[in-house]
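Engineer: Chains as they are written, first to last, in our numbering: chain D, 1 to 453; chain B, 454 to 717; chain R, 718 to 1199.
Treat the hints as calculated values from the structure; they're not laboratory data. Treat the hints with caution; some may be incorrect.
Claimed, not checked - Computed cross-link-like contacts, DMTMM-like style, restricted to lysine to aspartate or glutamate with a CA-CA straight-line distance of at most 20 Å:
1) D:Lys388 <-> D:Asp267
2) R:Lys1001 <-> B:Asp520
3) D:Lys220 <-> D:Glu136
4) D:Lys206 <-> D:Asp219
5) D:Lys344 <-> R:Glu907
6) R:Lys1001 <-> D:Asp267
7) B:Lys564 <-> R:Glu1196
8) D:Lys262 <-> R:Glu1196
9) D:Lys327 <-> D:Asp389
10) D:Lys327 <-> R:Glu1196
11) B:Lys564 <-> B:Glu534
Note that the structure is a prediction, hence the values are computed from the model and not measured.
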Amino acid sequence: MTAIDPTGAAGPSSGVTGHSLFAPDQRTNARNASEKRFRAYGVVAITLALLALLWLLISIFSAGLPAFRQTFIEIPVTLDAAVLDKAGHGDPKEMASVTTIGYGKQIAKALAEEVKAKGVDAGTLTDKEIGEMVSEDSAANLRNMVLANPKLLGTTVQFQALANGRIDGYFKGRVTMETAARDKNTSPEKLMLADKLRAAGVVVMKFNPGFLTMTDASDKRPEAAGLGVAIIGSLYMMFVVLCLALPIGVAASVYLEEFAPKNRWTDLIEVNIANLAAVPSIVYGILGLGIFINIGGLPRSAPIVGGLVLTLMTLPRIIIPTRAALKAVPPSIRDAALGVGASKLQTVTHHVLPLAMPGVLTGTIIGLAQALGETAPLLLIGMVAFVKDFPGAPPSGLFDPSSALPVQIYNWTQRGDPGFVERASGAIIVLLAFLIVMNTAAIILRRKYERRW
Amino acid sequence: MKDLRLERDVQTSTNKIEARKVQVYYGTNHALKDVDVDILDKTVTAFIGPSGCGKSTFLRCLNRMNDTVASARVEGIITLEGENIYDARVDPVQLRAKIGMVFQKPNPFPKSIYDNVAYGPKIHGLTRNKAELDEVVEGCLRKAALWNEVKDRLQSPGTGLSGGQQQRLCIARAIATSPEVLLMDEPCSALDPIATAQVEELIDELRSQFSVVIVTHSMQQAARVSQKTAFFHLGHLVEYGETGTIFTNPKDPRTESYITGRIG
Amino acid sequence: MSLGLLCLLLLALAVLGYVLGQRKAISSAGGDIRKLHSLPNFYGSITALSVIVPTAALLVVWLFAEGFVIQSNALSHILPADVPADSSMNLVMADVTRLAAGLATLAGQGADVAALAKDPVALKTALGGAGVAMGHDPNPSMIAAAQAVESTAWLSRLLLTVLALALGVAGAAWGLSRIKPEFRARNETERVAMGLLIAASLIAVLTTVGIVLSLFSETVHFFQLYPASQFFFSASWNPKFGGGSDLGIWPLVWGTLYVSVISLIVAVPIGLLSAIYLAEYASKSVRSVVKPLIEILAGIPTIVYGLFALITVGPLLRDFIAQPMGWGNSASSVMTAGLVMGIMVIPFVSSLSDDIINAVPQSLRDGSLGLGATPSETIRQVVIPAALPGIVGAVLLAASRAIGETMIVVLGAGAAAKLSLNPFEAMTTVTVKIVSQLTGDTEFNSPETLVAFALGLTLFTLTLCLNIVALVIVRKYREQYE
């Protein structure tokens, strides 16, 4: 006898029919167990994905947050006119002949005196070695301060000097006595002195706004490296992308969605746009290098080239959501406008586009956010170069060498000093902050103006 | 087309399903109110009524398909051969093997014709080997009056059949688990008149083995295929009785209005 | 005149044209706008457009051609003998550009440039004083080239300013001359606007053409210098900047595929199972929280993942797995890059799969559940087979994304080109080598640099095929259930 009689005349012997519903059979139990397992797989997968996100964020934030705090050495520095302005005319042009080394000596002297004045035991350290606890960049800061205001000469100023990267690293736990013993750039004695000075209130740790405003610094001075140029460069590029990609993207979408005849030619454009959205970003870098730099003769490292490359990359990512937003506007609105005698273009510009605008802007902001974080194409067009000067004001400043946030991060990961890992992670926090602001704006825009027809 | 009303023979068989004081809520919307129905074995029962009257909702209560709608809540007692199907010990999976369902739109799986029919027996483990399965598939396709049309292409996809054939395939699929009750939710609404006639004839044949419950929009169809008819209106079961009585001599004025075309 | 000022002037001219056009239209109709064919603002717009369109076209073409002309003009002054043996034409040209800028600065400071130009030694000192550092001592031909650069640039800007302003005025005059009451300004404006719309949509096509051309021309150049057979069939990658390099693509392709496969092994199960859970099981509230959280992973820039691989995942894998098991000592490895890239790819798999699973009609689920199948049986035997083409498309798109990914492998995979099976060894990929061959001071006539374009073309072709297959599959799938 078969489990089910195909003629259906006799009752089957299987566990399904003729069996109380209240007594689940073995097979059903096994099936329900497998159901539970399957659900558990899904929960595990989601948990893994969310844990990965959490791990990533914790790792970056714990490495990067210290970049916003910095160790400073606060000492009174006597600006000796006899040393810093030999001619004695107070003329900044003449004073410029004194290099940062001259100022460095003044700071070192001041620190050594401060150590004695506070009665701190410096151990076996010489005055020169004590001076090495100050960042070499501080001398340049002091020099700029004096050249900007020659009247300071001869006075004593309370100067806030950046501490050397190793001292800073010691307070942040990156440098220990053991590593310092093997390090030719610092020594355990210096760290011990730093501890004592901190107790004496000479060495302090506090919020470091310079991280956002200072320019990049050389390999040995992570303590002086800032994101100023990178932020300006990124803003310039976003400006270029916004000015080009938004109008071109909207125009292209309007044409394709509202006017283009449906034929093989527009089909090709459509596939082409979908493909461009998925082309590896580095290919756009090669395009920029080949077309804009080698053929067009535009300068390397310039925000204009970066902006153009990112524009081409962002265009399809704006066109796709814009077309979706246009498509979502119901045909009845077009019919209504055409019905009162508006031309097709008037219909689109007066009625369809304004209704689609929230969708268009949301897409644009998300496209811009992607462009802001893009790194690979910028490496190829030379944005990775070391840039110490701020670019000028636009539009000519768009042609000046500059850096960009993601490239600056990459650049810092390639440096030898471990202090730069902290800087790179800190820069990521800044980058993520920009992205969060942009995406939140997009979400608010969508929530506020989302319309369902 | 023969008029089945002329040879109506309501068997005085036992109650298969008994529903008492059934309430259904979708969120805060009280969709079905105080429904009491006894559904007989080996009988075709038709649910009629205007759109949104709750007839499909009630049908979906009978095999707990409403469980798949998150916002739906069912109260009251529905028993299948004396066992409450909403009892905590009841596994809806087992229940649905006993109470099969055919849907409004033909929904063959994107698999071969053979695999469509074999799906139920496979998941419930009803056969011991391939030969048995072949036999079940053939038997069900024969019962669904589809065998002769598809016996040479059992491995071609079920989605490639015509609408009427697809619906008969879905019926074959539903009876392959040898259910006791077969629920049909407007099974002919997506079919043309010829395919409808074939399916209706099939329903009449299925009556010899199963208890069939059919929801329909068409009063003519209810009159043609059913022995018992229930009229639903605004979530209430207004009238339930012999199909002949309902159509010729309704007790409730609402039923009469509906049947004569004044509401709905 | 600076470029910005010129643009502002032209814009002002266009605004003026708009106002005048509108006025003239109204006055030509005797103040009764009903007599005009179109609304007055269309007469203004068409006048403004006849200023903007020709001048904008001139500006773009001119700026593009200008760099080219200046470059070739300067090149004509440099003889092959002027290029030092240890240097290249590109480096010399970079010096020429710097020299030109330096000369301009010196002139601005009031130095006697003409005299300095005759004396290279004095010039170098003067430049040093002005803060311009030179790679090489300026020789006479370089100075001549620099002066040529400067004078050509100056002349070009002057010509451009004059021409653009003249063209703008002429455009405005022509536009105004056409205004009569019966002039169909609206139709004319819309015709121009339509042309602009078409031009905008052609930019997407031009981008593809630009990509293909720039890759193709330099790749041809590369194969003239390096045998194609070696590129495609050699199993060794060993570029030497003195010449005699091995530039076989296989070690790079191997690394690329290895990393991509690991990333897919991580991402496909996690992404697909998450998508299934979210689409089929999760309640609305869980879904509305979890889905955006997973999609955050897609919004994080790849450089962040790169740093994550470099400072966290790499050392962790090395210290806790590779070294104890004796599998390797490198923090950057195929496994590091693959794992991190897998995390990055999860949302690409999950969002697209989620959409696709949701597109499977509910009637199929009802059919299966109505037969007494459990939800998981329904998913595995009905929903997934129905969604399979779309899911395959999603995985292909994810694969294309993984193959073209750059920053994670640059920071996580290493730089050594190897054909090895050990996933804990550092290997390299196509994208890493494109970056390393094209960054820094590069010269475009050595195979070691040009190989990057051949690699780029390989990458582009590979991802293009994946993208198109995936897009076609997904599109067909969507149509099936629409």
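Engineer: Take a quick look at whether D:Lys327 and D:Asp389 sit within 20 Å of each other, Cα to Cα.
Structural biologist: Judged against 20 Å, a Cα distance of about 47 Å means the pair is violated.
Engineer: Are D:Lys206 and D:Asp219 close enough, with their CA atoms no more than 20 Å apart?
Structural biologist: violated, 23 Å
Engineer: Starting from R:Lys1001, check that the Cα of B:Asp520 is at most 20 Å away, please.
Structural biologist: holds, 16 Å
Engineer: Are the Cα atoms of R:Lys1001 and D:Asp267 separated by 20 Å or less?
Structural biologist: violated, 37 Å
Engineer: Would the pair D:Lys220 and D:Glu136 pass a check requiring their Cα atoms to be no farther apart than 20 Å?
Structural biologist: With a Cα-Cα distance of about 9 Å, the restraint between D:Lys220 and D:Glu136 holds, given a limit of 20 Å.
Engineer: Measure nothing beyond the straight line between the CA atoms of D:Lys388 and D:Asp267; if it is 20 Å or shorter, mark the hint as holding.
Structural biologist: violated, 48 Å
Engineer: Next pair to validate is D:Lys262 with R:Glu1196; report whether the Cα-Cα distance is within 20 Å.
Structural biologist: Given that 20 Å is the threshold and the Cα spacing comes to 16 Å, the pair holds.
Engineer: Could you grab the alpha-carbon distance between D:Lys327 and R:Glu1196 and see if it respects the 20 Å cut-off?
Structural biologist: holds, 16 Å
Engineer: Verify the proposed pairing of D:Lys344 with R:Glu907, using a straight-line Cα cut of 20 Å.
Structural biologist: Roughly 9 Å separates the two Cα atoms, so the pair holds.
Engineer: For the pair supplied as a hint, B:Lys564 and B:Glu534, confirm whether the alpha-carbon distance does not exceed 20 Å.
Structural biologist: Violated: B:Lys564 and B:Glu534 sit about 34 Å apart, past 20 Å.
Engineer: For a C-alpha distance cap of 20 Å, please report whether B:Lys564 and R:Glu1196 respect it.
Structural biologist: holds, 19 Å
Checked against the numbered hints above, the structure violates hints 1, 4, 6, 9, 11; every other hint is satisfied.
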